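> Chains as they are written, first to last, in the numbering used here: chain S, 199 to 792; chain L, 199 to 792.
I should point out that these hints are in silico values taken from the structure, not numbers from a laboratory. Given the structure is predicted, the values throughout are model-derived calculations rather than measurements. Please note: incorrect hints may appear among the correct ones.
Just so you know, same-sequence chains aren't split out, so a pair can sit in one copy or run between any two.
Said to hold, decoys possible - Restricting the straight-line Cα-Cα distance to at most 25 angstroms, the calculated cross-link-like pairs of lysine to aspartate or glutamate (DMTMM-like) are:
no., residue 1, residue 2
1, K374, D341
2, K684, E694
3, K374, D219
4, K742, D786
2 protein chains.
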Amino acid sequence: MTYRAPVADIRFALQEIAAMDGLKATGAFDELSDDLTAAVLEEAAKFANDVLAPLNRSGDLEGCTLKDGAVTTPKGFRQAYAQFVEGGWQGLQFRPEHGGMGLPRALGSAVLEMLQASNMAFGLGPMLTFGAIEALIAHGSEDQRALYLPKLIGGEWSATMNLTEPQAGSDVGALKTRAEPDGDGSWAVTGQKIFITWGEHDCAENIVHLVLARTPGAPEGTKGISLFLVPKFIPDAKGAPGKRNAVKAIGLEHKLGIHGSPTCVMEFSGARGWLIGAENAGMAAMFTMMNSARLNVGVQGVGVAEAAYQRALTFAQERRQGRAPDGEGPPPHAIIDHPDVRRMLAVAKAKIEAARALCYHCAVSADEAAFDPDEEERAWAKRREELLIPLAKAWSTDIGVEAASLGVQIHGGMGYIEETGAAQHFRDARIAPIYEGTNGIQAMDLVGRKLPMQGGLPLRELLEDIRQTAEDCATSSNPDLPPLAKRLRPAADALERAAKWLTDSRRERADALAGAAPFLKLVSEVTGGWLLCVGAVAAQRRLKEDVGDPDYAEGRIEIARFFAEAVLAAAPAALADICMGEDLLPGDAALGVE
Amino acid sequence: MTYRAPVADIRFALQEIAAMDGLKATGAFDELSDDLTAAVLEEAAKFANDVLAPLNRSGDLEGCTLKDGAVTTPKGFRQAYAQFVEGGWQGLQFRPEHGGMGLPRALGSAVLEMLQASNMAFGLGPMLTFGAIEALIAHGSEDQRALYLPKLIGGEWSATMNLTEPQAGSDVGALKTRAEPDGDGSWAVTGQKIFITWGEHDCAENIVHLVLARTPGAPEGTKGISLFLVPKFIPDAKGAPGKRNAVKAIGLEHKLGIHGSPTCVMEFSGARGWLIGAENAGMAAMFTMMNSARLNVGVQGVGVAEAAYQRALTFAQERRQGRAPDGEGPPPHAIIDHPDVRRMLAVAKAKIEAARALCYHCAVSADEAAFDPDEEERAWAKRREELLIPLAKAWSTDIGVEAASLGVQIHGGMGYIEETGAAQHFRDARIAPIYEGTNGIQAMDLVGRKLPMQGGLPLRELLEDIRQTAEDCATSSNPDLPPLAKRLRPAADALERAAKWLTDSRRERADALAGAAPFLKLVSEVTGGWLLCVGAVAAQRRLKEDVGDPDYAEGRIEIARFFAEAVLAAAPAALADICMGEDLLPGDAALGVE
Numbered sequence: 199m200t201y202r203a204p205v206a207d208i209r210f211a212l213q214e215i216a217a218m219d220g221l222k223a224t225g226a227f228d229e230l231s232d233d234l235t236a237a238v239l240e241e242a243a244k245f246a247n248d249v250l251a252p253l254n255r256s257g258d259l260e261g262c263t264l265k266d267g268a269v270t271t272p273k274g275f276r277q278a279y280a281q282f283v284e285g286g287w288q289g290l291q292f293r294p295e296h297g298g299m300g301l302p303r304a305l306g307s308a309v310l311e312m313l314q315a316s317n318m319a320f321g322l323g324p325m326l327t328f329g330a331i332e333a334l335i336a337h338g339s340e341d342q343r344a345l346y347l348p349k350l351i352g353g354e355w356s357a358t359m360n361l362t363e364p365q366a367g368s369d370v371g372a373l374k375t376r377a378e379p380d381g382d383g384s385w386a387v388t389g390q391k392i393f394i395t396w397g398e399h400d401c402a403e404n405i406v407h408l409v410l411a412r413t414p415g416a417p418e419g420t421k422g423i424s425l426f427l428v429p430k431f432i433p434d435a436k437g438a439p440g441k442r443n444a445v446k447a448i449g450l451e452h453k454l455g456i457h458g459s460p461t462c463v464m465e466f467s468g469a470r471g472w473l474i475g476a477e478n479a480g481m482a483a484m485f486t487m488m489n490s491a492r493l494n495v496g497v498q499g500v501g502v503a504e505a506a507y508q509r510a511l512t513f514a515q516e517r518r519q520g521r522a523p524d525g526e527g528p529p530p531h532a533i534i535d536h537p538d539v540r541r542m543l544a545v546a547k548a549k550i551e552a553a554r555a556l557c558y559h560c561a562v563s564a565d566e567a568a569f570d571p572d573e574e575e576r577a578w579a580k581r582r583e584e585l586l587i588p589l590a591k592a593w594s595t596d597i598g599v600e601a602a603s604l605g606v607q608i609h610g611g612m613g614y615i616e617e618t619g620a621a622q623h624f625r626d627a628r629i630a631p632i633y634e635g636t637n638g639i640q641a642m643d644l645v646g647r648k649l650p651m652q653g654g655l656p657l658r659e660l661l662e663d664i665r666q667t668a669e670d671c672a673t674s675s676n677p678d679l680p681p682l683a684k685r686l687r688p689a690a691d692a693l694e695r696a697a698k699w700l701t702d703s704r705r706e707r708a709d710a711l712a713g714a715a716p717f718l719k720l721v722s723e724v725t726g727g728w729l730l731c732v733g734a735v736a737a738q739r740r741l742k743e744d745v746g747d748p749d750y751a752e753g754r755i756e757i758a759r760f761f762a763e764a765v766l767a768a769a770p771a772a773l774a775d776i777c778m779g780e781d782l783l784p785g786d787a788a789l790g791v792e
Numbered sequence: 199m200t201y202r203a204p205v206a207d208i209r210f211a212l213q214e215i216a217a218m219d220g221l222k223a224t225g226a227f228d229e230l231s232d233d234l235t236a237a238v239l240e241e242a243a244k245f246a247n248d249v250l251a252p253l254n255r256s257g258d259l260e261g262c263t264l265k266d267g268a269v270t271t272p273k274g275f276r277q278a279y280a281q282f283v284e285g286g287w288q289g290l291q292f293r294p295e296h297g298g299m300g301l302p303r304a305l306g307s308a309v310l311e312m313l314q315a316s317n318m319a320f321g322l323g324p325m326l327t328f329g330a331i332e333a334l335i336a337h338g339s340e341d342q343r344a345l346y347l348p349k350l351i352g353g354e355w356s357a358t359m360n361l362t363e364p365q366a367g368s369d370v371g372a373l374k375t376r377a378e379p380d381g382d383g384s385w386a387v388t389g390q391k392i393f394i395t396w397g398e399h400d401c402a403e404n405i406v407h408l409v410l411a412r413t414p415g416a417p418e419g420t421k422g423i424s425l426f427l428v429p430k431f432i433p434d435a436k437g438a439p440g441k442r443n444a445v446k447a448i449g450l451e452h453k454l455g456i457h458g459s460p461t462c463v464m465e466f467s468g469a470r471g472w473l474i475g476a477e478n479a480g481m482a483a484m485f486t487m488m489n490s491a492r493l494n495v496g497v498q499g500v501g502v503a504e505a506a507y508q509r510a511l512t513f514a515q516e517r518r519q520g521r522a523p524d525g526e527g528p529p530p531h532a533i534i535d536h537p538d539v540r541r542m543l544a545v546a547k548a549k550i551e552a553a554r555a556l557c558y559h560c561a562v563s564a565d566e567a568a569f570d571p572d573e574e575e576r577a578w579a580k581r582r583e584e585l586l587i588p589l590a591k592a593w594s595t596d597i598g599v600e601a602a603s604l605g606v607q608i609h610g611g612m613g614y615i616e617e618t619g620a621a622q623h624f625r626d627a628r629i630a631p632i633y634e635g636t637n638g639i640q641a642m643d644l645v646g647r648k649l650p651m652q653g654g655l656p657l658r659e660l661l662e663d664i665r666q667t668a669e670d671c672a673t674s675s676n677p678d679l680p681p682l683a684k685r686l687r688p689a690a691d692a693l694e695r696a697a698k699w700l701t702d703s704r705r706e707r708a709d710a711l712a713g714a715a716p717f718l719k720l721v722s723e724v725t726g727g728w729l730l731c732v733g734a735v736a737a738q739r740r741l742k743e744d745v746g747d748p749d750y751a752e753g754r755i756e757i758a759r760f761f762a763e764a765v766l767a768a769a770p771a772a773l774a775d776i777c778m779g780e781d782l783l784p785g786d787a788a789l790g791v792e
């Protein structure tokens, strides 16, 4: 079967767990209502299900081609992109004054999840444009915003992020592309960038490249990097695409997956560009793009996981093999009734729901951080957003790979055959833990920047929320909820101990970094588990008040409980791994370095 | 870089951990000596490094083609196969009376690891032949053995296993292929088999298909299955390939990986075949093949993990990015010096060494079970072999996928580009948890058959060995060893508790099956960790006696220690997951079944 957007799950996560509707109180989202949310999600679901999903496998098979600098995307992508533009999807979460619909970023994240799930290769194009729009809003001049934002927010033009060079990947500061003043306020940008997603394509009428480069005499490293706007076609006096700029795609990568997404080598040969923000302040602008993009990549992880899960779930209902202990009717029974297959489905489903809740909670926090009228609330929300971004990016994308791998496994031999589609998710999903800052970089960001922020305040606040929910579970009248508290509390305690160890003032940086990756996993699991418990409490309220489908509500409690036993219960045991210290990492001889 | 067989690691695991040299005492391996082991491994390494590894990527790119029933393997495969035959590699572990070299299966496993690591697609061909040889030795008639064994053991002819049909995958008993008596002692076999590895190819002069089929009036299910030998060319009076039989490849699967291995749809149209063993006793013969094949697939998991690891290790030494906390010289530093990258390498390396030790211990046990003159020793070894087979198969292949995924991650963006080679390992590795009995089937075998065997004796014996090694570590004069005992003991205790819960006489079958997969992981981690501790004790003895390279010995202790902290310390926390029971698996509504 093809993907069907899980609207009920998405609404539950947005409204019952991430409390998106609370954003109305900020005064910034007057139009937000239950009906509007439902209508937007249904429309997006239709677009994802009916337009994008059918292009997913053909796009993978066909891939992109480059000829004379022009990239042809797979059949149907152009038309789908036109429908994307027509639907106004690119502008959903931007302010009306910039030409957007003025809806919450959280709702935009939900729509993005559907794009990514139905067709990850397609969804990457709009995702990159999001980041560029945010960078322009935050750092562009008034003229730049007036000229570019309407086109980008409308989707007629797309955008790219040009960071990576062969010698400068995770180490952005090592880049060599240079920009020299042209004398008329513009700059001549020269250099080569690699791994440029949707760097060239045939879907939009113009492409706006945001390019990191060095100006003459710039300091070394990240302090000497500036951000430039380099349009493929230089806008003419009317703002329409004019003269072709000296930038072109000179290569396409042959990748493991996302074949429908053109990953370009871009050559800038004295291309005309304009500085965004101040000279040498490119890293700040880049972080604006990156923060947006990191959450979006997390959402992408959720999306690809969901798509893989749905495919496996359908297969598990249809495929009949052997005798299941509690199978109904005569064998062969559907494999979903074999406990081991049901467990694999449950692992994927529970982690997907947890990661989705985490991403949406992060997005609602971003909305609050931007729009809450109260300064302290904004500051609180900003801390929460910043703390969650590395978790949303890294944990969700790891779950994307895990769910895709489970999806292959559930299919058995059929999972290894390309035509089944399970293998494509496995190939597609594998990029997300790498780009927009590898998951290792996320762990360093968490331990090196987010954890020590304001003396550890963001994590303390999170722990407080977690313990409050544990209390809610412990005192619930529904006997299925107190066992959640039993797993959540020790997990929170372990998290606190691990954080204490990592931020101890005597701790060597290398020791903290050695434990960063398992620590990120621990915080994510505890946070994800907490949010599922928030969902369970909400589900219990629904049951009590007889609101909505009781089976659905019961299901949320079952999922929280499964996650608590299968994941949360083991979380505290990660302490030894996290607090191992660098000394216990094997040396070169042990690793076989010659 | 291309793969270099890790001869030192392999010898350490074979001789110091799995105690292969102890097999001499059985009297069945008189020629076995340190020199011979070294010579065999060096020769095999040469073949793997110089002949097979260079064909790995080209084989992946080129794949196999089917035309008019004939399969062409990738360029170079035929020549490599000829060298394989010439080297006598197929017969290494078979008895001289059958035309083999009479060396231990354990040594054969080590050689097989190199074949699989250097070129998994190629290595699959010989692997299938191994299983067929074992089935013929165990169940074939004298005539069948005389006719087929010399050709198969010599490698001139290859063999296949024909089990799977579209409706009969894990549920072998559901197969429909039928065999009817021809009247002259032979049978006419008719049906379609899928996923037949090396079912047709151009490397060997004949292909011997072992085919599961039903005879007229056979009981339903697994009790009515018989095994037939169906040669591609029917041997003439001189035993040379004669008349073409009515079996042919009618399709090739388009797979995620192992493109160089032809995965065929085979059609048997009244093909002439001969019964192997008794009518309706096919499952027993199949289990002979399967037991052999399962350990071999585990070895394959180790191999592909090693290949992926080596590639990542080389990249991590060459790639320079940013400033590492303890980096030497001016930045950028090699990424191996970033703690997070070193941790990823360490996780892969430690798990590979543990899984290798587990597979070789299983192989040595198989040798003892076959050849020890003492009946009790044989019985003990058989119990150990049987207990370890599902672990070797499932855990090693999961590690294959994990190490390949870590390998991609360590490469960063380059890992996602096919030409780097990391992605191929990721694609190739993914099949191993599926075939020869999915890893879920292995978990069912462990919990349903191996664990309750003889009242739980095999696991009790294993726990005894583990606790003895913990004692050895605890009392060691080397201060690095007692901490191993600190992690090993509680892990063994947890394993014992989990086993007790699973085998409790009041336990429902569904509850035990619900915990089977995490239980398999726990037994494997504890067993793998134990074997690394056995290695650490041996390394300490070497250090004390000043034998061999002290850095290498120190490295083994570091790896054991890392595994103990990163994996063993968390093992006991799996209890909640294992002992959850079926009731806590989410129901259909929770999973989103409509």
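> How would you label the pair K374, D219 (within, between, both, or neither) given a Cα cut-off of 25 angstroms?
neither (46 angstroms within a copy, 58 angstroms between copies)
> Indicate which option fits the pair K684, E694 if close means a Cα-Cα distance not exceeding 25 angstroms: within, between, both or neither.
both (16 angstroms within a copy, 24 angstroms between copies)
> Using 25 angstroms as the alpha carbon limit, work out where K742 and D786 are close: within a copy, between copies, both or neither.
The answer is between: 22 angstroms across copies meets 25 angstroms, while 60 angstroms in one copy does not.
> Cα distance capped at 25 angstroms. Does K374 pair with D341 within a copy, between copies, both, or neither?
neither (28 angstroms within a copy, 73 angstroms between copies)
Violated hints for the displayed structure, listed by number in ascending order: 1 and 3.
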